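Engineer: Here are the chains, one letter per residue:
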Amino acid sequence: MKVNVFQKHRYLVLYLPALILFSVFFLTPFVLMIRMSFFIGKPLHCYIEGFTIENYLRFLRDFYVHTRLMFTLQLSAPVIFLTLVLAYIMAYAISRSSGIKRLILICVTIFPIWINLVVIAFSWQVIFARYGLINFFLTNLGIIDEPTPLGYNFLSVVIGLVHVCLPYTILTLLSVLDNIDPTLEEAAKDLGATKFKIFVEVTLPMSMPGIITGAAFCFVWTMSSFVIPSFLGSPLQKTIGIEIANQVLTALNWPYGSVLSIVLLCITSSTLLISNILRERTARWAKQ
Amino acid sequence: MGKTIAKSSIFLNFACVLISAFILIPVVIIFLTSLDPAKYIRFPPSGFSLLWYEYFFSNKVWQNGLLNSVYVAVLNTIISVPCGILAAYAYRKYTFKLKNIFNTIMIIPYVTPSLLVGIALLMAFGRTILRGTYFIVAIAHALWSTSFIYILMQAALSNYDFTYEEAAKDLGANLFQMFSEVTLPLLKSAFIAAILFAFISSFGEVTMAIFLVTSKTVTLPVLLWTSLKYELHPVATVASVICIIFAIVIFMLITKFFGTGMLSKIGM
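Top line first, the protein sequences correspond to chains F and D.
Taking the numbering used here, the leading residue of the first sequence gets 30, the next gets one more, and so forth.
Taking the numbering used here, the leading residue of the second sequence gets 4, the next gets one more, and so forth.
Calculated directly from the structure, the hints in this document are not laboratory data.
This structure is a prediction, so every number in the text was calculated from the model and none was measured.
Be careful, since some hints might not be right.
[Stated by the list, open to error] Coverage of chain F stretches by chain D, computed from C-beta distances (three or more under 8 Å per stretch; other residues unrestricted):
(1) 91-103
(2) 144-150
(3) 155-165
Yeah, the Cβ is synthetic: ideal placement off N, Cα and C, and Gly gets one too.
Pulled out of the complex, with its shape left as it was, chain D reads as follows:
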């Protein structure tokens, strides 16, 4: 009996290593090729240099792309974090008749294909003053992001004890005091995680952004998209690595503040 268990777990471990490799190999490959000074992208790299990193950081177009991505991501965070958190808070704290309907409405943008959301926004606002603003790109991201934060915060708030707030109120605290002295300290790590999630999901978003950016507001992933459509320039590997580094740093911060337990709630 013990033998069969050991046997099957060896198979399982082996399969796990293979699947992990499948998930991680593309990232490793991009990182290695970005250090190749050659003019053409090839594997294995012909040498080691930071040539294309220098090129990336001295090029105005790529710099702008990076900055635009940060602007959009920050704007998206400002919009989506309060929306998502407040709604999740209401869901956990109050009981009301239409709770299920509200819940469904909140999740719809999360499950609607971003291709279609991007197109709908382009058609609705592509000929208004919102065209070519950071705002419209950030709003597109905020739809998805708000839903996402709502789902996450629901999970985070399921362990939250609302009686502490009641106690503070009974002791004479006003709404602001209650929030700053009770709610904020208790939910600090969840709030930080929400901010990080909002930032990174917007920073890497490309499908909606393709439809909504103009040459002035083009974000890094869209710049990567357009440059790769026309030529395979090695600087694209550097841009990719920068996207990956952002993802890794934020991911590490999220695991630090939030723990992986909550992270596994992302699945539907």
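For reference, chain F alone in the conformation it holds in the complex:
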């Protein structure tokens, strides 16, 4: 009988190692995190066991956290916009090229994925620094007289985040652009459409699913960003991610950190869920 079950559900045996890994080290910690959010929070003591909804009430009236949440939302808008524009141009160019050019462009795109975030943040720090690359050019070209520090502001955080989001977004858009039937553009051309019109009325709507997914992921990464803004931003650019890490590592108030984590998790997962539904709708619509 037992053999029979395994024979019948062989797929289950193959899925089992991953499922065990995920249930013990992914699902369980998140369930425990929900329980942790009801414990009594005492700064510098991690947590005291008990039951209270005080942590959730504190979140509702914590003005500082609200401003950080709002700031991170504001930050995500330019990041998403810039990433999408740059990624679309690059993905469009890759999908329209072939051979060695395509290979080189894909390599350039993908390679930064495995460079860790600290290195990326650090190199942008060197570029923006008082004696960094940009100041070097600006002073030598005579545009400014004295080198001024350019980093640690809103713009440097945006640039760092765009740099991190770009590779994944290019690949997402590329997979959509590669699947657009070239005969559709040909047909539009034969019907007398200009190049611009073809792009706006054929290519762009057809790539909508990729744009939606790309935007959703940029949003999620910006909302949960922590390494990049803590290197490239000033205290004014503190994101909600930094505040959560702060509660967990420095303030050592784990229950409150849990509440903030759960809030962020709800924001990111609902974004991905909605984007998934939208993606399927637009994909169906684009096909028609």
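Mind docking chain D on chain F? Use the hints.
Structural biologist: For chain D alone, kept in the frame of chain F given last:
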């Protein structure tokens, strides 16, 4: 007509060069500054020397960081590669009722912010015997890595012909023979790519590691993080270059074994 095409492709090529420069410049800058013997990080470099490389390789702390990163990455590879490959194999080979649900479950760790995964693991295991072990860091990386390998292997297996395995079985091969004589040779390059992917994604991971390492198990990226938080020491540029070199070498191996066609499947 031909003129407009040429015009627009010049614009496109130009934009492409600019975006590529945007992606690559930070890497080049770090490499150049790492060769500067000066005590302060500045651009342009004031000279050329391997001073900070010597410093890096003679310093116990940095050496340990590098070794720890390798340990964690190897452990992560051992855990995540079998998990990811087996699940992707099941997805491609069998049809079953809950296929979509299984597929979604497998992808969830890939799309969950690593900041939150790191915090959840710290809270769950930070006060158990797993605290301060390589295992807990490797497990954190393995969650992401397993999902990632699952997605990649699904793509790689879409061209795989399962009838060869059936043929081997019909000829009397047992499960082990079938695997070693048919499956392994046919999927060799995909397996190697999976191993390389798992290794490098763990080697450079920092967000989860920040929450899970102790001074004994601190990895190179976390060491870089802590050292840069307090001072901008030039040795950090060398540590960065070493991270970049690892990424380049593994990236070249991946393109060799796997081809860029598969690489473009990383996007969602």
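Engineer: In ascending order, which of the hints set out earlier in this document are inconsistent with the structure?
Structural biologist: Going through the list in order, the structure violates hint 1 alone and respects the others.
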